[in-house]
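Colleague: If you read the sequences in order, they're chains U and D. Following this note's numbering, the numbering of the first sequence begins with 219 at its first residue and continues without gaps. Following this note's numbering, the numbering of the second sequence begins with 20 at its first residue and continues without gaps.
Hints listed in this document are in silico derivations from the structure and should not be mistaken for laboratory results. Hints may contain errors.
Not the full set, but computed from the structure, chain D residues with beta-carbon under 8 Å of chain U [unchecked claim]: (1) THR149; (2) GLU153; (3) THR292.
Ideal placement from N, C-alpha and C gives every residue a C-beta, glycine not left out.
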Amino acid sequence: MTDLHSTRRRSRRIPCLLAAGFVLLSWCGAARAEEGLYFYDPESSISNYVALKDKVTAYIQKYGQYVFQPFSHIEDFEATLSKSPTATFLVSSWHFKLLGQVMQIDPVLVAQIGGKTSQRKILVVNPDIGSADQLKGKKIASASKDVSTRDMVSRMIGASGADISQSTIILRVPKDIDALMSVALGIADAALSTENSFSKLGVVNPAQFGRMKILVTSENQSLPIVATMVQSTKNSSQDKLVSVLKDMRQSPEGVEILKMMGLDAFEPIDAKEKRNLR
Amino acid sequence: MRVIYFVVAVVLLGLPGPCRGAEKAVVLNSNAALKRYAEVQDGILESLPGPRIVDLETKHLDTRQMEDFLLGESPDVVFSIGGKAMQVASMALPAGKKIVFTSVINWQRFRLSDDMFGIANEVPPLMQLTLYRELFPKLRNIGVIYSREYNNEWFEIASQRAEEMNLHLVGRTVHHPHEVLEILKDLLPQVDAVWVTADPVVLGTTEITQEFFRVSEAQKKPVFAYSAAFNTLGATVTLAPDDTTVGRQAALLGNAALSGKAATEHVQPPAGTFITLNMGKVKKYGIPFNVDSLNLINEITER
Numbered sequence: 219m220t221d222l223h224s225t226r227r228r229s230r231r232i233p234c235l236l237a238a239g240f241v242l243l244s245w246c247g248a249a250r251a252e253e254g255l256y257f258y259d260p261e262s263s264i265s266n267y268v269a270l271k272d273k274v275t276a277y278i279q280k281y282g283q284y285v286f287q288p289f290s291h292i293e294d295f296e297a298t299l300s301k302s303p304t305a306t307f308l309v310s311s312w313h314f315k316l317l318g319q320v321m322q323i324d325p326v327l328v329a330q331i332g333g334k335t336s337q338r339k340i341l342v343v344n345p346d347i348g349s350a351d352q353l354k355g356k357k358i359a360s361a362s363k364d365v366s367t368r369d370m371v372s373r374m375i376g377a378s379g380a381d382i383s384q385s386t387i388i389l390r391v392p393k394d395i396d397a398l399m400s401v402a403l404g405i406a407d408a409a410l411s412t413e414n415s416f417s418k419l420g421v422v423n424p425a426q427f428g429r430m431k432i433l434v435t436s437e438n439q440s441l442p443i444v445a446t447m448v449q450s451t452k453n454s455s456q457d458k459l460v461s462v463l464k465d466m467r468q469s470p471e472g473v474e475i476l477k478m479m480g481l482d483a484f485e486p487i488d489a490k491e492k493r494n495l496r
Numbered sequence: 020m021r022v023i024y025f026v027v028a029v030v031l032l033g034l035p036g037p038c039r040g041a042e043k044a045v046v047l048n049s050n051a052a053l054k055r056y057a058e059v060q061d062g063i064l065e066s067l068p069g070p071r072i073v074d075l076e077t078k079h080l081d082t083r084q085m086e087d088f089l090l091g092e093s094p095d096v097v098f099s100i101g102g103k104a105m106q107v108a109s110m111a112l113p114a115g116k117k118i119v120f121t122s123v124i125n126w127q128r129f130r131l132s133d134d135m136f137g138i139a140n141e142v143p144p145l146m147q148l149t150l151y152r153e154l155f156p157k158l159r160n161i162g163v164i165y166s167r168e169y170n171n172e173w174f175e176i177a178s179q180r181a182e183e184m185n186l187h188l189v190g191r192t193v194h195h196p197h198e199v200l201e202i203l204k205d206l207l208p209q210v211d212a213v214w215v216t217a218d219p220v221v222l223g224t225t226e227i228t229q230e231f232f233r234v235s236e237a238q239k240k241p242v243f244a245y246s247a248a249f250n251t252l253g254a255t256v257t258l259a260p261d262d263t264t265v266g267r268q269a270a271l272l273g274n275a276a277l278s279g280k281a282a283t284e285h286v287q288p289p290a291g292t293f294i295t296l297n298m299g300k301v302k303k304y305g306i307p308f309n310v311d312s313l314n315l316i317n318e319i320t321e322r
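Chain D with its partners taken away, still in its complex shape (with noise of 0.2 Å):
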């Protein structure tokens, strides 16, 4: 039966990619028409041109077909974009071979091996105060709200990052989506301006999220948000990783995995940024700016 399972895999994905020496990679994406995971791919292929390239979108491959396939491959390391490609490595892929994902949210709900590594989804609390500090001189006091349980550590940590470069943060916990509002109203007019971080308990519905947007446009409060997603919902500052980089990153930390130079935290923050500013917003806010930070902002909207 796993002859069967052999042949359909290599069927539905091809002959065996050739084989490059002693290390060789296969890159799992789990979905390569996503711009995201397109550029992270790039990205890899940057420094390691000539992996096998599995589009899992496209390629519906069953546990059985997929263990079949990289027992077949061999790689010494699988790059895995997404969350589905992650699950589906660290499920198929035998022990001993090194797997590094990127593009996963909140990695922290998985359970890694040693022989798993990663680049984090979340640009970390200091590079995101050191833009917004950067391109806002006169801001003081952010909000943000918050739920103990997913982002208690982080707003402790967040919070002391910002006093270091004389901003505070406003925080305010909650339990339940339905507490979002009311608190979101009380706080808006203690802060300069609201952090939005990603935790489900606060934007736990779409309609509480473009609520909380609106409330937040309603009293000329900046938005500062951690997706380009939210731009069409007004965001002020979107402030992500930037993908290609993730993947150059993603391809230096298999390289070293593989080498055995790997640092002792498997998980790195993204080190590349790319801001969304909307210029609009700005504007009607009278949000005292610093025009000599244009340069750092990657697209400029007027909405």
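Chain U on its own, in the form it takes in the complex (with noise of 0.2 Å):
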């Protein structure tokens, strides 16, 4: 004779466990499917988004199911971020202040080149340019886009900043060095670039890269930023997401994401970097 209350007793016992298991794996902080790394900087020397989005998902994906999403248009990036609480995204440390002006967004780690978290760009010219009022009209190649490539190099000159930077014409170029090589060709009279780039070209070509000239340059500013929107409760997939990114110097894999853009590693972002981004 089958005992009811004992088959009642087990029936209810399913659903509890069921709820039981899903309370359990919401603590654990199982990633979700949209969880993962959002990537958008314009600034950045990297061409070809497909290749690292191929690397990058097959590397985080051994840690948990994370996705990893470039952004080639600010609109995507910021309206899928806007939907995406647990996000962690990678942008760069003048895009970071503009987003951190809009939304409650907290910076974990920072890039670093050469043992380096900063660095300066600087405005690279032909030998005929002897001060900024000479740029006036005169076409700059840049690897960054119209507006913050006007934005920082009108910062740069400073006084009268505004009005010659948008007096100049932009050609817009793929990569650093490409801006670099149109001053040398003379296809353009000055070239938005690091110092990182330039001193990598002067090694390489002395003779052709010599003749150029830093007209000005920037202050230090941060390089790219990892960063979390800000959240009330802790997200421990979240947390790991953050140090496989800081441990990926320690892989060949690893190491070889970084160096495709442009990176030597992830490093915890300290007081003092904090409030420079502010």
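Both chains come to you apart, so use the hints to assemble them.
Modeller: In structure tokens:
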């Protein structure tokens, strides 16, 4: 004879077990499909996101069900970010500051190149240009978009920088090296680049690049930032992803990915760097 | 009769586009379905939204019809993408109007008028050599097979640039395609890599081209080439113009030409590059590679 009472107790146990399981999984922070790393940096030297996406996705999925999504359009990136409260994202420090004005975000890691977490932008010119005034109406090659190039050039020049910057013609090119080559080849009069890129080319071809000179230099700017949305509860899955990024430098595959991004490593951001991002 | 041609042109191409002030542009695209040409067009449109666009692959107009179309449009500048578009524009456009061409192989074959400007299809030797040196720090001797007829001057310039970077070009000339493979076999042991440049005498047939890469592969010597078309044949590095940047340059050149500010040199080299690296070949041949240059690469393959 069936013990109806026992059967009813068993049948109530199943949903309770399922609910408990769900709570347990949530508490463990099992990665949901949309968790992962979102990347937008128009100033980066990366020209083909396909190879990068494949490599990064394969790498982070060894540690969880993460996705990696690079964006080439800011609108798509920001729209996705606004709908993904658990997203981890990688952006330039310039863009981080802009986002921070409209979103509650927290910087957790900063990129590193050559042991440094910041770099300076430089405006390299051909020998004919002796002063910022002589840039009026001239052509500047840059791997950054028009708006950010003009903004950067204006700030680098200082007083009268805005007028000079607005008068210039911007030629957008894929990479820093293309911008510098444009000056060497006479296609452009100036190039917005980084100290790192310029010094590398100076070693490769001192005859050509030794003739070019640095007209103005920016202040030190933080390298790209890994950030998260400020959340009220701990998200261990996200913490794990951040830890994976921090440890990338320790594996050959991780190093290859970092190099594809033009970086050497990610390291935890310190208090001073955080203040610089406000 | 011209009225009929004009009507036909309008019917085929639609009504003339809206006038945009003093400067009006038309884009003639030899074939908008080709990715390369489409990217150039995108680059032009970034700076110049709203020009009339004609895809010559789908709109078949004879010279008279094109003349009538351009007469009706009365553009101040015509952007011609590809050799076909360039020829059409140069034949049909009235004198005094500007033409800016792109994506034309060996533009030097054409006689340019004072109203013609363009972006060359070939990445200059300085740019190519700088990138090869950046990617492969141990590179010293690069073999080049070329014909004096097409590339004598190019080789001289390239050699000078190479020496500036502590590279040495080992050149061998050919007069006929059937000489190429024997010269290549003799050259390969003396060099670290072979550099293929656009030369119809050197890669004169499909068979010779395929054998060129096969022989180089057998001797484990990387081949550097000027077009992504060589990726499937086994090139280790291909370095081609970035087509969107070519379009942007063309737009700027068009503006400069219209304002009378164009540089003395009517044809500019391409400013942007698209680099493909076959990492499979790099590993197979054991070539010392600068991992810090990975971010310069647009596309990495592992064939």
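Colleague: Mind listing which of the numbered hints don't hold for this structure, in increasing order?
Modeller: none
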